[in-house]
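Chains as they are written, first to last, in this note's numbering: chain R, 606 to 873; chain W, 606 to 873; chain C, 606 to 873.
There's no promise every hint is true.
If chains are identical, the list can't say which one is meant, so a pair holds when it fits in one copy or spans any two.
[Claimed, not checked] Quick list of in silico lysine-lysine cross-link-like pairs, DSS-like style, CA-CA up to 30 Å:
id	residue 1	residue 2
1	Lys-799	Lys-730
2	Lys-670	Lys-815
3	Lys-670	Lys-729
4	Lys-827	Lys-798
5	Lys-827	Lys-714
6	Lys-730	Lys-798
7	Lys-827	Lys-670
8	Lys-815	Lys-714
9	Lys-670	Lys-781
10	Lys-827	Lys-730
I should point out that these hints are in silico values taken from the structure, not numbers from a laboratory.
None of these values were measured; they are calculated from a predicted model.
The residues making up each chain are set out below.
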Amino acid sequence: MLHRPLITMTTDFGYDDPFVGVMKGVMYSINPLLNIVDLTHNINPQGIQEAAFTIGMNYRYFPAKAIHLVVVDPGVGSGRRPLLAVSGEHYFIGPDNGVFSCIFGQGPKDLTVVHITSEHFFLKKDSPTFQGRDVFSPCAAWLSTGLEIDEFGEVIEDYHTIHLPVTVRQDDRSLKGEVILMDRFGNAMTNIKKTEIEDLRGVLPEGRLKIFLNGREIPLRKYYSQDDDRSLSALINSSGYLELFVYRGSAAPEYNIRRGDAVEILLS
Amino acid sequence: MLHRPLITMTTDFGYDDPFVGVMKGVMYSINPLLNIVDLTHNINPQGIQEAAFTIGMNYRYFPAKAIHLVVVDPGVGSGRRPLLAVSGEHYFIGPDNGVFSCIFGQGPKDLTVVHITSEHFFLKKDSPTFQGRDVFSPCAAWLSTGLEIDEFGEVIEDYHTIHLPVTVRQDDRSLKGEVILMDRFGNAMTNIKKTEIEDLRGVLPEGRLKIFLNGREIPLRKYYSQDDDRSLSALINSSGYLELFVYRGSAAPEYNIRRGDAVEILLS
Amino acid sequence: MLHRPLITMTTDFGYDDPFVGVMKGVMYSINPLLNIVDLTHNINPQGIQEAAFTIGMNYRYFPAKAIHLVVVDPGVGSGRRPLLAVSGEHYFIGPDNGVFSCIFGQGPKDLTVVHITSEHFFLKKDSPTFQGRDVFSPCAAWLSTGLEIDEFGEVIEDYHTIHLPVTVRQDDRSLKGEVILMDRFGNAMTNIKKTEIEDLRGVLPEGRLKIFLNGREIPLRKYYSQDDDRSLSALINSSGYLELFVYRGSAAPEYNIRRGDAVEILLS
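This is chain R alone, in the form it adopts within the complex:
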């Protein structure tokens, strides 16, 4: 199958301003054969953790050799380094501020991280406010032309990761996590994985699983429209995480759910 170089974009630049279009202009100027796909540009402004989850959960749906550009960068212009990482068959380009924490956290066995220092690839060397246009986009486009990663700088080991909320297995029969992301439908995604729930179930296969949000018990469904019930329910979502929802409603605003709210699973 023909290879067509593909770059994904994940930013907090939104859709109102020309920032994203300009980055595409820079990239197509370098490699006119590129295929650029928007993953999302509506990461909350300066939402590093949200960006980390978004790219970490979704990059695998793109073809091998895809280059994932992530520009959520409150520290632009300061000393934080621009990075190029390779993990498995995917490439990642963005600031060294933790946006790749989910990628880096998957274990270093096939991970290589390069500090980008080859300024001859940059559109402008002195770019204190828009490195998305001047540094990251041109490096992604040049990489897409087939350059090797060692042409971009030196391998480093001390790249930055941020603390991401983890689940806590409290005892044999209970697990505690929290709400980490909301989507447009008001669904509230937690950090509790399907596999963690299966592990818990393994303790007591006949046991009954109960899910609680702030003390309220929530029924577990298989799909959104399973019951014509408009109250708060839970399911395993398409990313493999426990999610709270209201069928034909919007869980987060209706039940005042916020990021960080505790979700508990008990086996009895």
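Dock chains W and C against the given chain R, drawing on the hints supplied.
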């Protein structure tokens, strides 16, 4: 002219979340030469009727052989069937919940509808929450590679259509319709077609046409800026339907117009 | 390097409605090999000045021979002319209402402006409400196939430009400008250019530069995160203009900044 396979997307997934980007990743993984065009992703959540109008009025502006993917699917995971339809030179893929009612309603003379059952095309067989990614996108991408529609399943006749609001010719000289869609400019589109108005005029060519919204008479213009008048006016819009507007204003909020509001035409 | 025809789009059509998707359908029907890039579709409805600034500041980031389609057109259907302009290595297509004022204002030395009259390129001759679809898109797509500009109409000299707010050098040591654009981060961009500030500094190289918004003095920074100070600051932005911002905040709403607010620079 070279054929380049084209897929359009119409969804209620919005632009905040990575759902649409992920669907594109799945499609480009199967067919890297694809051209994917967003028709809109801001269908109101679960707005089946809005999706039906949107694809029904706009598919014809795309090249022959275009594949139109429509994913507005509150019943995802339930028993409702995934469909692949061919009408004229266009293909349609989406759930069997009425989103193709305008396509199906154009008469069955060259319409073929297939219930998609060939699970070997799916990304995941068991996809209770995101068939846009796991079922519809891969089928659209595989179809774009040149497969025949009978490879996707069996032809069916009992596909689902929804009731769409119809106009009523009350007597020789009057016609009643309703507001069906609002756009970003606050324009309120009705279901009254230009051709229906022409038919009415045919009754009494010298007669005067009066348009009423909730009892208020509205002048008919040819284009938005025809008069520098900021009051509520009507014109035949670019889709061939009667539309209510305010020049340099926003008709729907200013005049509190809602979907379903009655619009009447009288010939006197 | 291979040439791949590229069209950029700048409109006030937003992302809720199918208008933009339909224009792309029309263009891909004429030239399936096109690459279409959204610059932005969220120009404020009928915001001719905003469109003029947006295309004027950003077209240069796209490859030579790019065709820039700008459709912000409150007068659609009236007598205002459709234009095709060539300036340097870039093409511009849109209404003759001032949206290209920044392009035209760069001096006529290599500027050619054509009044588009070749109706055989139009999708519909009589298009009172959606010339983006019926006139501008097909002309852009036909131009991308390699046609010469004189096939579209006659050269004109009396094209329309709008008054754009200019800076005023009050005396040797002061300069007055105003806020012209806000971005998603609440940054307020002024019309004061970096080069104008450098000229002012040239007067008194050791002098201290003071920036005022409505009488309030604002410190000048080099990049957003330079101080961990959350009060109103200024910097030279990535387009080369003075911009007001709040680090990790949103200057425009927090300080009630509006378009047209006076910004003054004093050298002392």
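Hints violated by the structure (numbers, ascending): Checked against the structure, the hints that fail are numbers 2, 5, 7, 8, 9, while the rest are satisfied.
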